[in-house]
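Residue numbers (my numbering), protein chains in the order written: chain A, -10 to 129; chain B, 70 to 566; chain C, 163 to 275.
FYI, nobody ran anything at the bench for these hints, they're computed from the structure.
All of these numbers come straight from a predicted model, not from anything done at the bench.
Yeah, the Cβ is synthetic: ideal placement off N, Cα and C, and Gly gets one too.
Treat the hints loosely; a few may be bogus.
Output of the computed footprint for chain C on chain B, the stretches with three or more beta carbons under 8 Å from beta carbons of chain C [unchecked claim]: (1) 102 to 114; (2) 199 to 208; (3) 245 to 259; (4) 486 to 492.
Simulated DEER-style distance windows between Cβ atoms [as the list claims (entries may be wrong)]: (5) A/21 to B/268: 56 to 64 Å; (6) B/349 to C/168: 41 to 49 Å; (7) B/543 to C/223: 52 to 60 Å; (8) A/5 to C/240: 58 to 66 Å; (9) A/88 to C/186: 29 to 37 Å; (10) B/519 to A/48: 46 to 54 Å; (11) C/254 to B/424: 37 to 45 Å.
For the chain A half of the interface with chain B, some residues (derived, Cβ under 10 Å), not all of them [what the hints assert, rightly or not]: (12) -3; (13) -1; (14) 17; (15) 19; (16) 47; (17) 49; (18) 52; (19) 54; (20) 58; (21) 70.
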Amino acid sequence: MKTNDVILQTATKIVLFVIVLFSVYIFFAGHYTPGGGFVGGLLTAGAIILLLLAFDMKTVAKILPFNYMNMTALGLLIAIGTGAGALLFNKPFLTHAFTYAHVPVLGKLSLHTAAIFDLGVFLVVVGVTMTIIQTIGEDE
Amino acid sequence: MINFLILPILIPLISGVLLIFAAKHVMLQRWIAGLSALLTVIFSALLVQKVKTDGIQTLNLSNWEAPFGITLVSDMMSALLVLTTSIVAFACLIYSFKSIGHEREKYYYYAAFSFLIVGVNGAFTTGDIFNLFVFFEVMLMSSYVLIVLGGTKIQLRESVKYILVNVISSALFVIAVGFLYSVVGTLNMAHISVRISEISEVAQPGIITVIAVLFLIVFGLKGAIFPLYFWLPGSYYAPPAPVLALFGALLTKVGVYSIARTYTLFFYHDTGFTHQLLSTLAILTIILGVIGALAYWDIKKIVIYNIIIAVGVILVGLSSMTPDSLAGSIFYLIHDMLVKAALFLLAGIMAAIAGTSNLKKITGLIKQYPGLGWTFFIAALTLAGIPPFSGFIGKVLIVKGGFEAENFWGAAIVLMSSLLVLFSIMKIFINGFWGTPRAYKDADQVPVGKLMIAPVILIILGVFYGVGSEFVFPYISQAAETLSNPNIYIEAVLKEY
Amino acid sequence: MEILMAFIIGILFMSATYLMLSKSLLRIIIGTGLLSHGAHLLLLTMGGLKRGAAPLLGEHAPSYTDPLPQALILTAIVISFGVTAFFLVLAYRTYQELGTDNMDRLRGNEGND
């Protein structure tokens, strides 16, 4: 099926970056306010799906040559690893640690291992969503 | 090492993730899966010993204090079940190496296998009712993958039904948890128990009884009790032998364990209605299971119906609620997990040799495969509960408890069912192994010797479990003590109460 | 408000049951989706519907909302999202392999003799 979707394709090229940036914002906003890895991951997956709609699967696979199954596994590994790190300090599984750091330009930063856990969640959500979409969309 | 009790969950979880990365390398996958299964067995055995010496182990995840966060609790019953699960999983894994085929191995078979163990061990260990739901879902998701993997027509067709039933029961689980939460305002199992005893001081309110029955429906759907077992014979018939063994030995037992946990920890104040209902349903489960096991002429179906009978027997012991019958139930639960897994694997070998599981087309196997025949014979005796073997001890305790609690019907039906179980299994032995030997087309390609390793390990363990019950029994009675006295559990989890 | 929610949940369950009793596989899947929506709303209602601040961020608000039901619902939604997706893929494969989505023709009785 070949359709003329110049408008969608042109718009996607711009909107895509807005969505991805917003998803990064949401991801970090999850630190203290609503947001986080799950929502951020869904937004990013939404952006990639928009790309899939505007272009076709082969083009997208060329732009983003990821194996989404492995991405899911990597995310799981990061999330579990963060949780299991607590075992090394003889703390209960999933116990998190945090500290405040002073960085010149940025000022006071709060560093939290939960952010790393959330990064894992982010990758899992993107990976799983894309795997599902690809499995259904694979054969036309 | 306060995190000890999470290791049987964490090891398969990590190995499951690694197995996704290694999807294309079959040998590497086998090594990872085998090693992690072995480690799980070792650590869960150590856990049992630790619970034996130090009492109930608890772990507050994320360091949240007990009633607020998620707590993992390893009492003797859950530790023993985790150990049995790990052993059964290890045996099924060894069997899979030689029988499951490269096609499935490349499509995340071992990863799904590991995640299934995560779910089952987690469900046995958790001390939080919603976390139990989450672990159920982990277990079910992996079981969906395992049941459909391979994609034959019968598998696709049956997994549709299997998933539908489980989705409905999951929705009911969420509903039941919602009701319970609105009444007691907590999710920690020990805390729920405390709150329920507070409101049940005079009499158990009606809403608690409703919730109890709702939980019975939810767990009964997973554990296959009458009348909710309708999905089981069809769905379990579809997958290949090691998956079937895993499902038959573990999945229904998680449902039974959950009934045991909730009915001894939450709903023990007014046993008049709920436990009477449980007892009646258990008796009907046995009867219907026996009818099924006698009626079919298919090896797999006969053994599948024996799962249903065993669930009934365990629940009869549970509904009597005496220390003896509870000990008997736990003893029988573990016995059944070991022996049922072995029987499914043996039935799988028979079906592989003959190319069919129809009993009318199989005869005279013992001439060519004496080892298989006699192993099957011992498994059959163990299952039916012939004295030196383990089924006997469990049933004696259940029957004794039944008489103490004046649950005469339950006791009598359990006794009579043993006879018919023996008959149904001997039907396989007599028809399948005796008679004139016949040549089977693909029999040479079946590596019988290598496949036999796993069931033989299980049967040896099962025999030791029965003959050495003197050694095993202190563990069982410690487990039963926690079940019959919820305060031990509550004190271990909430400390100050 | 709780009464209204009870009616909504009831309607959801009713439609879910109706859809799940139909023969088309796709309708059944939509039915399971509605069923889990109903269950999630029920969970929310059971936690108590009230306005209030989020807990743990200070002790100055006049009232607080219990965050637990929302956490439970989020978990349950994620799980049912995964299961529904899997179910849809499976239904599609089943349709491809067996050439039907009619549950009447998906009976099957192997090993029943």
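Hint-by-hint comparison with the structure:
1. By the rule of at least three residues with a Cβ nearer than 8 Å to a Cβ of chain C, the coverage given for the segment 102 to 114 of chain B is violated, with 0 such residues.
2. For the segment 199 to 208 of chain B, the stated coverage by chain C holds: 4 residues have a C-beta nearer than 8 Å to a C-beta of that chain, and at least 3 were required.
3. Counting residues of the segment 245 to 259 of chain B whose beta-carbon sits less than 8 Å from any beta-carbon of chain C gives 6, enough to reach three: the coverage restraint holds.
4. Coverage of the segment 486 to 492 of chain B by chain C is violated. Counting CB-CB distances below 8 Å, 0 residues qualify, and the rule asks for three or more.
5. About 38 Å separates the C-beta atoms of residue 21 of chain A and residue 268 of chain B, a value inconsistent with the hinted range of 56 to 64 Å.
6. The beta-carbon spacing between residue 349 of chain B and residue 168 of chain C, approximately 32 Å, falls outside the hinted interval of 41 to 49 Å.
7. At about 54 Å, the CB distance of residue 543 of chain B to residue 223 of chain C agrees with the hint of 52 to 60 Å.
8. Distance hint check for residue 5 of chain A and residue 240 of chain C: the Cβ-Cβ separation is about 25 Å, which falls outside the suggested range of 58 to 66 Å.
9. Taking the beta carbon of each, residue 88 of chain A and residue 186 of chain C are about 56 Å apart, not inside 29 to 37 Å as hinted.
10. Against the hinted window of 46 to 54 Å, the Cβ-Cβ separation of residue 519 of chain B and residue 48 of chain A comes to about 48 Å, which satisfies the hint.
11. For residue 254 of chain C paired with residue 424 of chain B, a C-beta distance near 31 Å fails the hint of 37 to 45 Å.
12. Hint on residue -3 of chain A is violated. Least Cβ distance to chain B is approximately 34 Å, over the 10 Å limit.
13. Against a cut-off of 10 Å between C-beta atoms, the interface hint on residue -1 of chain A is violated, since the closest Cβ of chain B lies about 37 Å away.
14. A hinted interface residue such as residue 17 of chain A counts as satisfied when its beta carbon comes closer than 10 Å to some beta carbon of chain B; here the least separation is about 21 Å, so the hint is violated.
15. With its C-beta approaching chain B no nearer than about 17 Å, residue 19 of chain A sits outside the 10 Å limit, and its interface hint is violated.
16. Restraint check, residue 47 of chain A versus chain B: the minimum CB separation of about 22 Å is more than 10 Å; hint violated.
17. A least Cβ separation of about 22 Å between residue 49 of chain A and chain B goes past the 10 Å threshold, and the interface hint is therefore violated.
18. Annotation: interface hint on residue 52 of chain A violated; nearest CB of chain B at approximately 23 Å, more than 10 Å.
19. Contact between residue 54 of chain A and chain B, as hinted, is not supported at the beta carbon level, the nearest pair being about 17 Å apart and thus beyond 10 Å.
20. A cut of 10 Å between beta carbons decides the hint on residue 58 of chain A: the least distance to chain B is about 6 Å, and the hint holds.
21. Taken as an interface hint, residue 70 of chain A checks out: its beta carbon lies about 9 Å from the nearest beta carbon of chain B, inside 10 Å.
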